[in-house]
Every structure is written in C-alpha cells, then in structure tokens.
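Enquirer: Given next are the chains, with one letter for each unit.
Protein chains: 2
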Amino acid sequence: MAESASGAAPGNTPEFPDDPLYKDAVLDLLGAVAYGEISAFERLAEDARMAPTMEDKVAIATMASAEFSKVAALHARITELGGDPFAAMAPFRDAIDLFHAHTAPSDWYESLIKAFVGDGLADDFYREIAAYLDPGTRDLVVASLDDEGHSAFVVDRVRTAIAADPRLGGRLALWGRRLMGEALTQAQRVAAERDALSALLAGGVDRPGLDLAAIGRMFTRITERHAERMAELGLAS
Amino acid sequence: MAESASGAAPGNTPEFPDDPLYKDAVLDLLGAVAYGEISAFERLAEDARMAPTMEDKVAIATMASAEFSKVAALHARITELGGDPFAAMAPFRDAIDLFHAHTAPSDWYESLIKAFVGDGLADDFYREIAAYLDPGTRDLVVASLDDEGHSAFVVDRVRTAIAADPRLGGRLALWGRRLMGEALTQAQRVAAERDALSALLAGGVDRPGLDLAAIGRMFTRITERHAERMAELGLAS
Chain B
1 MAESASGAAP GNTPEFPDDP LYKDAVLDLL GAVAYGEISA FERLAEDARM
51 APTMEDKVAI ATMASAEFSK VAALHARITE LGGDPFAAMA PFRDAIDLFH
101 AHTAPSDWYE SLIKAFVGDG LADDFYREIA AYLDPGTRDL VVASLDDEGH
151 SAFVVDRVRT AIAADPRLGG RLALWGRRLM GEALTQAQRV AAERDALSAL
201 LAGGVDRPGL DLAAIGRMFT RITERHAERM AELGLAS
Chain E
1 MAESASGAAP GNTPEFPDDP LYKDAVLDLL GAVAYGEISA FERLAEDARM
51 APTMEDKVAI ATMASAEFSK VAALHARITE LGGDPFAAMA PFRDAIDLFH
101 AHTAPSDWYE SLIKAFVGDG LADDFYREIA AYLDPGTRDL VVASLDDEGH
151 SAFVVDRVRT AIAADPRLGG RLALWGRRLM GEALTQAQRV AAERDALSAL
201 LAGGVDRPGL DLAAIGRMFT RITERHAERM AELGLAS
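Protein sequences appear in the order of chains B and E.
Residue numbering for the first sequence follows UniProt numbering, starting at 1 and increasing by one per position.
Residue numbering for the second sequence follows UniProt numbering, starting at 1 and increasing by one per position.
The shape of chain B in the complex, shown without the other chains (with noise of 0.2 angstroms):
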C-alpha cells in the first residue's frame, strides 16, 4: 500500500491503461490465478497424501509449493492496485471449488492427470487472457504459470501405468474429457457473472478486444493444447 502513494504505482505508469473496468478486470484475473494457485496447492498437497511411494510423494509436493510459491507476488500486485488480496479472490472460490469438488481423483492416476491437464487447462486459459493485458501485468501472470518443468514425472508415471494395463488407458482418456467439460462449465459460469473480466476479453475505446470469432479461435487453440497434453500421456482426448 506504501507503493500506491508513490509515484511507482502501476496506474501512474504509461502502460497501465487509465480505465476504472480495466483495473477491475485486472484485480478479477489476479484474484482468479491466486485462488487458483491457493487452490491447486491444496489438493496437491492432499494428493501428496495417496502417493504409492515416498519418491512420488516428494514429487507432488514439489508441485504443491511450486503453485503457492506464486501467490505472494500476485497478491502483492493486488495491494500494489489498491485492492484487497481476499476481497479480489473471493468472487472465484465457488468456480474452483465447485471445479474441484466435481473433479475428485478417485486413485492415484486420476490425480497425476488432473495435476498435468487441469493445471495446463488453467494456465493456458490465463495465458491467452494475458495478452489483453499490459506489459507488467502480463509478465507476472505468465511468470507464475510457468512451471512446466515439474511435470515431466507425471508423463513418466502415466505412460509407464497404462504400458502395464492398457485398459487404465481407457479410463484416463474418459477422465481427461471430463476434466475439459467441467473447466469449461465453472469458466462460463465465471464470464457470466464477471462483467469486467468479460469485458476485458470484449476490448475498451482505446484497447483491441476479442470478435466472436476470435473467441471461437482461442477455445481452438485451448483444446489443442489439451490435446497435445493428452497425447504427451499417451492417451486419446
């Protein structure tokens, strides 16, 4: 809050555009990727508890951290804004929560590909909305989506399940498409409820925003992706 008073504050900057919906849609989106992250941690972390081996658990928590380590630098930015951390997460609990209760592991693989494709469906969401924002926005947004490297142990314990029973592969493709819908009823159910957020996609007087079109083509880009993700585990999407 010390930084707002200051000259260093973001809507001071030439970059931060001088729109009150364009701080609410950016105080919305941090608020969205800290709960999240807040929520991600936590069903790794209970995850964590299933793991078959010390090496696997060790493994999932190492994600766990990784996705909270990134809350403290949004919520930072939020207070940097003027907003409140809390207040800027609390409109997306019900979405994620609903999102994960709908989506329970019910064993081990269940968890690594909702740990893999759930959080690349969140962060590649987050990722195409980033690049409606400005530059320092955008930079922390991306940066704490960008933990690839975790999950090359997901792909690894994936491929090696199914080689040994075939017909898990079957059932993780139903799970992985079932991961999809329900990301894309709790989004809706976001954009619905969300003006700033959805008008942040739609574009401002001075802002480029998104046709319908184009939004046609950014769910393409989102399921090719998952697609990609699926074939990576070697499973059909």
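In short, the hints are calculated from the structure, not lab data.
Ideal Cβ positions, reconstructed from N, Cα and C, are used throughout, including at glycine.
Coverage of chain B stretches by chain E, computed from C-beta distances (three or more under 8 angstroms per stretch; other residues unrestricted):
id, region
1, 39-48
2, 55-61
3, 68-74
Starting from the known structure of chain B, fit chain E onto it as the hints suggest.
Expert: Chain E in isolation, oriented as in the chain B frame:
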C-alpha cells in the same frame, strides 16, 4: 552425484571428518531433518484445509511451503555425500509418523500450537546436534530450520482465542505438555535405534562429545525453550 567425483566433495574438504561413522551420522541427521520437513509440510497442508478463514489458510499454507522448500537442499547434500535421499530418510519414518499419529490435532487451535511448539522443539533439538557437525553441514542444517518469521501469526491467533475463552488456555497447556512428551518418546526411540547418530553425540577420537551431564544440560535447554514458547502463547508449560 557428479559433484562427488569432483574435488569439491565434502569428504575431501579439511572440515569434513574422515570417519565413516561420522558420515553415517550426518546422513542420518540430514535424512531425519528432510523427512521431518516433508512430514511437517503434509501436516500443515492438512491443517490449512481446516483453517477458519482464507487468511488463516494462506498463513498456514505459507508455513507448509516454507518447510517443504528446505527439502531439496538437504537431499542434494545427502547425494553429494554419496547417500541416497530416500534411503537416508527411511529409518526415521516410523518415529516421525508415530509422533504425528499420536498428536493428531482435534481442532484448529491444537493445529496452531502443534505447528508452533512441535516444530520449535524439533528445530531446537536439531540445532543442538548441529553444534557437533562440520561447518558446511552445520550451516545447511541451521538454514533449514530458520523460519521463525512465519509464526507470529500463530501467537496472535492463539492469544486472541484464549482472551475470548480463558478455559481454552487450560486445554491448550495440556496439549503442549503432550506434544513435549511424545517428542521425547520418539527422540529416545531414534537414539536407541540409530547407533551412528548416538555416537555423534558421544564424540569420536578427534571430536568432542557429550557426557551424561552435558546431555542433561542439553535437555534442560530444550525444555527451557519449550517453556518460553508456551509463555509466548500465553500458556503454562
């Protein structure tokens, strides 16, 4: 492991005693601390789920992540010494898991006390042992314990709750004694089973050790610090 082949391996530095028993003791200690951190992470992450508010959840999850963030450096040092991190941790799983099984918090305040008092006790114990280590290992162990900053929030929450309900103080004081008793029980179990670690405290040909009187003074110091922590929380010990 590449580092073990280079001249920088600790076994080749003048500070690291050329004594297989000493190395076994260090591997034991690093394994115990690393498993303790993983285990603390798991417990704190579970406690975070019980947190009454989102602010409390984030505070506890921050403590969980801080514990886990120490694991990688401990594992790296074990590997550098020619050990296997998972083999080094294995002998301490039973004692640490039993400690947690016997001290499962029944509510949020018991969780907070356990996070503060339990981790404090473990840290004091490891810090005492660290005094008998070569400088490189000692610095690593002490660095892996040093996260007092996160616990101010525990003190604040517990004192506020006791002010609102003085009877809570009596129950939580008993809980603190139980944590201390269970920690001593499991520490004795480890000391009885791990000869190298006990021998480290007893000293070697060219290393000073502890006689019974010195061990007594060590436990006095640990007990005194426990009492100070309880007092900080506003609790009798």
